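J.: Chain residues, written in single-letter form:
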Amino acid sequence: MTRRLPDNTRLGLLAAALCFGLPAAQAQTETETEARRLFEAGVAALTAGDAAGAAEAFARSHGLFPHPGTLKNLAASLEQADRPADAWQAWNELLDRYGSVISETARSEAVERRSVLDRRLARVTVTTQPPGAEIEVDGRTVGTTPLAAPVRLEPGVHAFTARLEGRETATAAANLAAGDNPPVELELPAPSAPLGTLLVESPTPGATAAIDGGTPEALPLSCELEAGEHEVRVEAPGYAAWVGRVRVDPAATARRVIELEPESPEIPAGVASGFWDGPWPWVLGGVLAAGLAGGITAAVLLAPGEPAEGDWRVRMP
Amino acid sequence: MRRAGATWVLLLAAGCAEPPPAVRVTVETDLALPAEMDEFHVMVAASRSEAGQICTPTSRGFRLSRADALPLRLVIERGETYTSWVWARIEGFSAGRRILTRELVHPWPAEGVAEVTVRLERACLDRTCAAVDQCIEGMCRPLQMPGLLDDADRIDDRPCAAEP
Chain A
1 MTRRLPDNTR LGLLAAALCF GLPAAQAQTE TETEARRLFE AGVAALTAGD
51 AAGAAEAFAR SHGLFPHPGT LKNLAASLEQ ADRPADAWQA WNELLDRYGS
101 VISETARSEA VERRSVLDRR LARVTVTTQP PGAEIEVDGR TVGTTPLAAP
151 VRLEPGVHAF TARLEGRETA TAAANLAAGD NPPVELELPA PSAPLGTLLV
201 ESPTPGATAA IDGGTPEALP LSCELEAGEH EVRVEAPGYA AWVGRVRVDP
251 AATARRVIEL EPESPEIPAG VASGFWDGPW PWVLGGVLAA GLAGGITAAV
301 LLAPGEPAEG DWRVRMP
Chain B
318 MRRAGATWVL LLAAGCAEPP PAVRVTVETD LALPAEMDEF HVMVAASRSE
368 AGQICTPTSR GFRLSRADAL PLRLVIERGE TYTSWVWARI EGFSAGRRIL
418 TRELVHPWPA EGVAEVTVRL ERACLDRTCA AVDQCIEGMC RPLQMPGLLD
468 DADRIDDRPC AAEP
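Protein chains in written order, with the working numbering: chain A, 1 to 317; chain B, 318 to 481.
Isolated chain A (complex conformation) (with noise of 0.2 Å):
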């Protein structure tokens, strides 16, 4: 893929190199020195035709000791590799950042092989909902949204994830074609609450279970719930329903058997109207109110108590 530079390229990046490059003096530091001999390295592979070998040295000289010039030869070097997405993305950087300081020789030039390049991109929008986070293409970190300007891409299949911590990683794909625009939107939901199984048994026949209220179902009865506490309600034709709360824990099973008693035969009839036909309703209606009255009285005039302290309290109606 790496092509020979023409002989005028050679010419303009070394003359690059001389108008932007590290001047000798200027390498004081070690860091400043490694800048510089890497500065020299891509030169040299410029010039012997190694276009990938130089924009990778420029690239490490470049984040050792940030500079226009290299930032300059960097951008031709990968334009030259056939890398359009990535030589745009430093000639664009060339504009951003150094465009003040720049000739306006070398700015012009910068701002025609962006324009080149954009015409063999595909510009894509990325969003995130919510925004805030770290998006990647194939891999490589592009920016975090919302994204300044959309993402210039080689035409192809690429891969986009979106990260923010405390959402669940988002993904998407898109085939691009030079000068698509497409907009890539990707929604990062709330992490869902852990899971747990809840399995109910029951010996009683034609037991059934309700979960939270839910349709009944025959027993067994397996399902994939939200971890916590879950009503559960168990009942079988002739047997008293059972109702009661069941903790399921995440990434575990709760398991209930649950056995129904049989429903007692219902009291005589006479009984009950008996009791109601007879003084003692009003026997104990009067008891209640004296009591009740008793009670208020006693309430008042004795000393308050603080309300009860528990780990469960009921208000009966």
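Read the hints as simulated data drawn from the structure, not as lab findings.
Some hints could be false.
[Claimed, not checked] A partial selection of chain B residues facing chain A, derived with a Cβ cut-off under 10 Å:
| no. | residue |
| --- | --- |
| 1 | P337 |
| 2 | A349 |
| 3 | T375 |
| 4 | I393 |
| 5 | A412 |
| 6 | A440 |
| 7 | C452 |
[Stated by the list, open to error] Between beta-carbon pairs, the in silico distance windows are:
| no. | chain 1 | residue 1 | chain 2 | residue 2 | range |
| --- | --- | --- | --- | --- | --- |
| 8 | B | D443 | A | G214 | 33 to 43 Å |
| 9 | A | E187 | B | P388 | 41 to 51 Å |
| 10 | A | P262 | B | A368 | 55 to 65 Å |
| 11 | B | T398 | A | A218 | 33 to 43 Å |
| 12 | A | E187 | B | A448 | 38 to 48 Å |
| 13 | A | P262 | B | P388 | 30 to 40 Å |
| 14 | B | T418 | A | E226 | 23 to 33 Å |
| 15 | A | R140 | B | A384 | 46 to 56 Å |
| 16 | B | R458 | A | E224 | 37 to 47 Å |
| 17 | A | G238 | B | D443 | 22 to 32 Å |
| 18 | A | G228 | B | A384 | 18 to 28 Å |
| 19 | A | E226 | B | A368 | 23 to 33 Å |
| 20 | B | R415 | A | E134 | 45 to 55 Å |
| 21 | A | E187 | B | T418 | 50 to 60 Å |
[Unchecked claim] Calculated from the model, a selection of chain B residues having no Cβ within reach of chain A, i.e. all distances over 10 Å:
| no. | residue |
| --- | --- |
| 22 | D347 |
| 23 | L350 |
| 24 | V359 |
| 25 | S376 |
| 26 | D385 |
| 27 | G396 |
| 28 | T398 |
| 29 | E420 |
| 30 | H423 |
| 31 | E438 |
| 32 | R439 |
| 33 | D443 |
| 34 | C446 |
| 35 | D467 |
Since the model is a prediction, treat every value here as computed from it, not as a measurement.
For each residue, glycine too, the CB sits at the ideal point set by N, CA and C.
Based on these hints, arrange chain B on the given structure of chain A.
T.: Below, chain B alone, put in the same frame as chain A:
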């Protein structure tokens, strides 16, 4: 007469601010938690008559995941209608199997909090009693309200409150 009336007004006004009478049930055990008992359920109801006319019981399960999960206190507050007595059934479970059951009936205190302790005992683990009895301290003793939940006519449709 006028002074007595004013006193009643003051008393009633003051009474509104007081906490309602309550029964506080302390559940304890001599079993090892959670190895021998890992859960217990409580079902509570109150009656509006001495003979037993209760609201639809409300229940809750408690996971006993730690050795010190018990004792645990349950506070049942009296309301305006079901003012005769309070009933509770406490059931202990191990790996989903019911191993102990205790029932209690207690009158509402006139004011303040009445303390009741229910002990889920090892001595009752293998004790089988008749339907009208329950095991207390290893002995079968009569239930105060046997079969209370067995007669639908004695259970009102009105639910016994949620947590306040």
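J.: Determine for every hint whether it applies to the structure shown.
T.: Quick rundown of the hints versus the structure:
Taking 10 Å as the C-beta contact cut-off toward chain A, the hint placing P337 (chain B) at the interface holds, the least distance being around 7 Å. Using the Cβ-Cβ criterion of 10 Å, the hint placing A349 (chain B) at the interface with chain A is not satisfied: the shortest such distance is roughly 20 Å. Nearest Cβ of chain A to the Cβ of T375 (chain B): about 6 Å, under the 10 Å cut. The hint holds. Given hint, I393 (chain B) at the interface with chain A, holds; its Cβ is 6 Å from that chain's nearest Cβ, closer than 10 Å.
Of the supplied interface hints, the one on A412 (chain B) holds, with its beta-carbon coming within about 7 Å of a beta-carbon of chain A, less than 10 Å. Interface restraint check for A440 (chain B): the shortest CB-CB distance to chain A comes to about 23 Å, outside 10 Å, so the restraint is violated. Hint status for C452 (chain B): violated, given a least beta-carbon distance of 17 Å to chain A, over 10 Å. Our hint of 33 to 43 Å for D443 (chain B) and G214 (chain A) holds, since their Cβ atoms are close to 37 Å apart.
In this structure the supplied range 41 to 51 Å holds for E187 (chain A) paired with P388 (chain B), their Cβ-Cβ distance being about 49 Å. For P262 (chain A) paired with A368 (chain B), a C-beta distance near 23 Å fails the hint of 55 to 65 Å. Checked against the hint of 33 to 43 Å, the pair T398 (chain B) and A218 (chain A) passes, with Cβ atoms roughly 38 Å apart. In this structure, E187 (chain A) and A448 (chain B) break the distance hint of 38 to 48 Å, their C-beta atoms being roughly 59 Å apart.
Range check, P262 (chain A) to P388 (chain B): Cβ separation about 33 Å, and the 30 to 40 Å hint holds. Checked against the hint of 23 to 33 Å, the C-beta distance between T418 (chain B) and E226 (chain A) comes to roughly 30 Å, which is consistent with it. Between R140 (chain A) and A384 (chain B), the C-beta spacing of about 53 Å keeps the proposed range 46 to 56 Å intact. At about 44 Å, the CB distance of R458 (chain B) to E224 (chain A) agrees with the hint of 37 to 47 Å.
A hinted range of 22 to 32 Å for the beta carbons of G238 (chain A) and D443 (chain B) is consistent with their spacing of about 28 Å. Between G228 (chain A) and A384 (chain B) the C-beta distance comes to about 23 Å, which sits within the given range of 18 to 28 Å. Between E226 (chain A) and A368 (chain B) the C-beta distance comes to about 44 Å, which lies outside the given range of 23 to 33 Å. Distance hint check for R415 (chain B) and E134 (chain A): the Cβ-Cβ separation is about 53 Å, which falls inside the suggested range of 45 to 55 Å.
The hint said 50 to 60 Å for the Cβ distance between E187 (chain A) and T418 (chain B), and at roughly 51 Å that hint holds. Against chain A, the non-interface label of D347 (chain B) holds: every CB pair exceeds 10 Å, the least being about 19 Å. No Cβ of chain A comes within 10 Å of the Cβ of L350 (chain B); the nearest lies about 14 Å off, and the non-interface call holds. Taking the minimum C-beta to C-beta distance to chain A, about 7 Å, the non-interface status of V359 (chain B) is violated against the 10 Å cut.
Under the 10 Å C-beta cut-off, the non-interface status given to S376 (chain B) relative to chain A is violated; the minimum distance is some 6 Å. With a least beta-carbon separation of about 12 Å from chain A, D385 (chain B) lies farther than 10 Å from that chain, consistent with its non-interface assignment. Not every CB of chain A is more than 10 Å from the CB of G396 (chain B) (nearest about 4 Å), against its label as outside the interface. Distance to chain A contradicts T398 (chain B) as a non-interface residue, since its nearest Cβ pair spans about 5 Å, not more than 10 Å.
Separation of E420 (chain B) from chain A is adequate, the least Cβ-Cβ distance of about 13 Å exceeding the 10 Å criterion. Once the 10 Å rule is applied to beta carbons, H423 (chain B) is consistent with being away from chain A; the minimum gap is 12 Å. No Cβ of chain A approaches the Cβ of E438 (chain B) within 10 Å, the least distance being about 20 Å, so the stated non-interface status holds. In this structure R439 (chain B) is separated from chain A by more than 10 Å, as the shortest Cβ-Cβ distance comes to about 22 Å.
Against chain A, the non-interface label of D443 (chain B) holds: every CB pair exceeds 10 Å, the least being about 17 Å. Here C446 (chain B) stays apart from chain A, with its beta-carbon at least about 14 Å from theirs, past the 10 Å limit. Not every Cβ of chain A is farther than 10 Å from the Cβ of D467 (chain B); the closest lies at roughly 3 Å, contradicting the non-interface assignment.
Checked against the numbered hints listed earlier, the structure breaks hints 2, 6, 7, 10, 12, 19, 24, 25, 27, 28, 35; every other hint is satisfied.
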